[in-house]
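*Asks:* Could you put the whole structure together from the sequences, leaning on the hints where they help?
Residue numbers (my numbering), protein chains in the order written: chain Z, 0 to 347; chain U, 0 to 347; chain W, 0 to 347; chain S, 0 to 347.
Quick caveat, the hints were computed from the structure, so don't treat them as lab data. Take every hint as true, because none was put in to throw you off.
Remember, identical chains collapse to one label, so a pair may be satisfied in a single copy or spanning two.
With a straight-line Cα cutoff of 30 Å, these simulated DSSO-like cross-link-like pairs (lysine-lysine) come out:
(1) Lys206 to Lys39
(2) Lys114 to Lys305
(3) Lys114 to Lys91
(4) Lys252 to Lys305
There are 4 protein chains.
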Amino acid sequence: MIKVGIVGAAGYTGRELIRLLAGHPQVEIRLITSRTYAGKTLAEVFGVFRSFPEVGEFVFADRDVEKLVSQVDCLFVAAPAGTAMEYASICKQSGTVLIDLGTDFRFADAAIYEKTYGINHSCADLLSEARYGLPELWRSDIAGSRIIGNPGCYPTSALLALAPLAHSGLLKSPVNISSVSGISGAGSTPGPMYHYPDRTENVEAYKPVVHRHGPEIATQLAKLAQAAIDVIFVPHLVPMSRGIFTTVFAQTKVPLDTGELEALYLDFYRYEPFVEVLVGDILPQTKAVAGTNSCHLAVRGDYTTKTVVAMSVIDNLGKGAAGQAVQNMNIVYGWQENTGLSQIGLVV
Amino acid sequence: MIKVGIVGAAGYTGRELIRLLAGHPQVEIRLITSRTYAGKTLAEVFGVFRSFPEVGEFVFADRDVEKLVSQVDCLFVAAPAGTAMEYASICKQSGTVLIDLGTDFRFADAAIYEKTYGINHSCADLLSEARYGLPELWRSDIAGSRIIGNPGCYPTSALLALAPLAHSGLLKSPVNISSVSGISGAGSTPGPMYHYPDRTENVEAYKPVVHRHGPEIATQLAKLAQAAIDVIFVPHLVPMSRGIFTTVFAQTKVPLDTGELEALYLDFYRYEPFVEVLVGDILPQTKAVAGTNSCHLAVRGDYTTKTVVAMSVIDNLGKGAAGQAVQNMNIVYGWQENTGLSQIGLVV
Amino acid sequence: MIKVGIVGAAGYTGRELIRLLAGHPQVEIRLITSRTYAGKTLAEVFGVFRSFPEVGEFVFADRDVEKLVSQVDCLFVAAPAGTAMEYASICKQSGTVLIDLGTDFRFADAAIYEKTYGINHSCADLLSEARYGLPELWRSDIAGSRIIGNPGCYPTSALLALAPLAHSGLLKSPVNISSVSGISGAGSTPGPMYHYPDRTENVEAYKPVVHRHGPEIATQLAKLAQAAIDVIFVPHLVPMSRGIFTTVFAQTKVPLDTGELEALYLDFYRYEPFVEVLVGDILPQTKAVAGTNSCHLAVRGDYTTKTVVAMSVIDNLGKGAAGQAVQNMNIVYGWQENTGLSQIGLVV
Amino acid sequence: MIKVGIVGAAGYTGRELIRLLAGHPQVEIRLITSRTYAGKTLAEVFGVFRSFPEVGEFVFADRDVEKLVSQVDCLFVAAPAGTAMEYASICKQSGTVLIDLGTDFRFADAAIYEKTYGINHSCADLLSEARYGLPELWRSDIAGSRIIGNPGCYPTSALLALAPLAHSGLLKSPVNISSVSGISGAGSTPGPMYHYPDRTENVEAYKPVVHRHGPEIATQLAKLAQAAIDVIFVPHLVPMSRGIFTTVFAQTKVPLDTGELEALYLDFYRYEPFVEVLVGDILPQTKAVAGTNSCHLAVRGDYTTKTVVAMSVIDNLGKGAAGQAVQNMNIVYGWQENTGLSQIGLVV
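*Replies:* See below:
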């Protein structure tokens, strides 16, 4: 049993981490923080925890970096850009594993980070020790690291859809990516874009072409493809809470039909417990992965135009955030990868 | 470990049972049936099971009553009125526990059943051995029984809201009950009332005053109150998948203010792991119990008119069906009552 | 053609007023105000008006009471409690008709207003000139008035459901009212209770028994019944944007069956263009009145318990606010009552 | 005043046509047909028409081709592939204008039609007289025709997004199109894919690459571009009733930045009453066009990769079906193009 802490535990990602970690047999949740709710119990603030007193009685702590780090073996930071970097040096000193669900350790290159997020990186010296936590691509790197940059939700869905192509060397630049997301991806803070009456029965795009997850996807594709791949990324909000559906359009150097592509994808993911390549008439749907750490994929080839359409679904809070963070922890500690992640998702 | 089977496993309730029983440490799912999908695997039919091969590989069997019963220690029947009665005699002979999530064993009196459901009860002789499976009210009866009539979803929510009043002898007749339900309560078969475009952004009542759950509620209230209590019950459909919110209006023989009522309810449910009485400003919401076996309650008293408003929420597929069925099984077998039911629900 | 102005035009009710008044043949919209968006055009702020330049080019003015009133013949105030009272004296001096969609002129008795809303009424002397703008009940009063207190959304739905009983002298006190509302009823300002991910797939009650619309309903029922009628009112939020479904439980002095009640209701509303009494198997649904000024009603009688269940649906922004305000204006000016209100609602 | 008829009036598109035509000053609805509801009134079947007796009293007729055609000047066919062709010859003989909202007159080439829809075209000889009813592209052709093939909903949104590029000669082949649609686009017939509990909180793709609207888009693009343009089209279902959001990725022969593209689009659509090109930070959202005949567009250029992202929204039942059909009728008859189409859409 290791002791874990969660910084930013009152957000959606933080709460999903609590849900998952509470059922993880190797883990004891030692502390949770929230500046908004410091001093209150989890059950007081969120009704869903009321029926589960073993976690409902947790009291939110305020942030006190040194004190927090000293109490845990592994710290999850579920907070915006600029938060995890405050914890990294102290974690390193104390030997605490740091899993950042924010953005601070997703780029090896501080310059790209600073350009993308518009803030200075205060521990750029640690970036070389950090690993990008997408296990299906970089499992062995993750295993030996103490700082994990947990991927963004859109990048997770897009990279899993593109990795077999990129890795095979067949992928041409640029790739076109259209994603739709449930609103929980925008966090738990109310705002005009997330007000129920304006959101229901409504779809809109936001930050087309310039969303910050574009560079994150491009960086990883380049690593996989050993070549620069431009990414044109358009995210949209759709009226649901959880789930991402990503549709990728890419061109390949040689024409491939659907059967050949399915074979490529099935082979690439053949040992992966959390990736299902759907073949035949079955297509991904977000509800099939809600509440889980799974990704479902399907692929189609248009031989004439050498175009590949790859479609992926994840739960943005699961494989897109908290689930993947737990998967990364399992890898770092050498536990079976689906430990704490084997709950069946929503049946409806 | 006991062996269990599920008749009607392809419906929403059946699938929720699979989800819960797959995580139950005392149970091995031995068989699942579906006339529609006989011969197919669970994963082929329902995407959510695709990522969980240990259940996804289950093959739906067709119904063959004798053969089915002989293979299991405990049989769950998640099928319409008239189904479970086909299994009851054979279960009795073989000593198999029968937990009916349909309607056949909810009434001790065959005449009321036949009037309510319009079908003949083929094993009325076994009704005296059956118990109404609402543990918070009849736990000790359930413990000694081999045939359990699992309550309806609306009755569960209404009875938990009214039980402390009925049991105390303070409840006057009639009681007025307004419930709203998510659409999964109507089952997984498409129909004009459940067609997405007509259902979204829409609320309607159905079967006001004459819904079959009215007599079920009245029968149980009479047992609790030791007096006839008339029930005026109006169910409504609201645009969501899961959850029931029941609002009860009742008059009491003496005036009670909110504080007195809260004390009564807190005391009545003080040992119940699945019932939370909310006090202060906190009010029930369906999402706080989605995916769980919990019921959240709140109560208000209007002293002047001697009116009590009691509000309850459950997940119609959880405490209103599959969760409660598992709870009943746990009681019959003497296991801790929350075994297999301790998963935290949806955090969003 | 008269000139009209709308104070608080950027809220949902204000925007619905613009939509309706833009199509009204007797009206010219002269000014719209919004403190938030002063100086911007309607089309800049709200995309839906972009395709309709004749209204889209309206510029939001800031509030300047005297100047505003001087420009219009009829002023609609779509703003919270305490706003319309600032305009009333000046309107009286200038002969401007004031239609308040807020709460300031719903109570004839300033003391009840002040108790209910917790604010001092600054023009209590004008209350005797104001009329409660529910045309189906008080049409002739409205016709001769220059200050109209447009009813609340819940009271409109509840009073139309109860009026035939109250007016007939058959209604007993208390009445129990359960309403569910779409979220637009809470206005266009974001907040935690209205954040999409927490609201979708969720139902909750709020302010049970103590909601401010309770006294408004009771006041009007007393006028109709010529006797005090206590009201126990419980509102709920359901995941949709528009619509209210109100379910009323009442006891009558003599028993009435459904047929007798339908006859009573059909007779009471026989000349009403905006009230439809549904008979037979047809039941109200909110979507059938979305975007309209209509109210659909159905009624059921339980002879044994002398209980009546009356169910009504309205669009909270239509008959529950802007539509009714236009209907009131039509009455005040002697125009045909459905002028500007004859657009067919949503077909899906 | 002309006399119009609607074949297939009970479907969503048919009902939307009734809604629009009932408010059209040049039109008298003479007959509506429905095989399912023949003999019933509109108000009996659909609650929304109950409050509007002038249309609610229409009686659905059964189909009787010759009789129907003889009664009207203009016939709208809102029915599946293969229906309108039954009416075309008789319409031609009698001089009746035929506006087909189905698919029979969308392709000038019978062979492509037959390949796409898998049915024989029974009046291929009339295809040369039919015109594709997308007014922004082929207005003058439409004006002189008596048979209009009203475009599909997805093609309308995609073609409006691509037309300025295709017409300019800058568009390269292939183009990648990702569309999401509300469920009303699938019609009013219930089915497993449209069952509320399975559809809410769910997104899925269907018929990726092979959807029948792909060839329709490609055919029109080729006409505009005077060159073959391959189309890779992926439609998705999202949980809402109305609306299409289409995101197009295309490459251009020369690099264009966002400003240049906006200028091109603004110029192309400068006289169009139903197309709004949004510039600056404003982006399309489906709700802004719900209930209208408008299309909102935005465009972005990625100079480096010569990629254009064009985004469009329409109401699939409005500009995507019934609204556009009315617009086409207005053109055929020489009326102002927005006659009957000037209702402001939903404000929330």
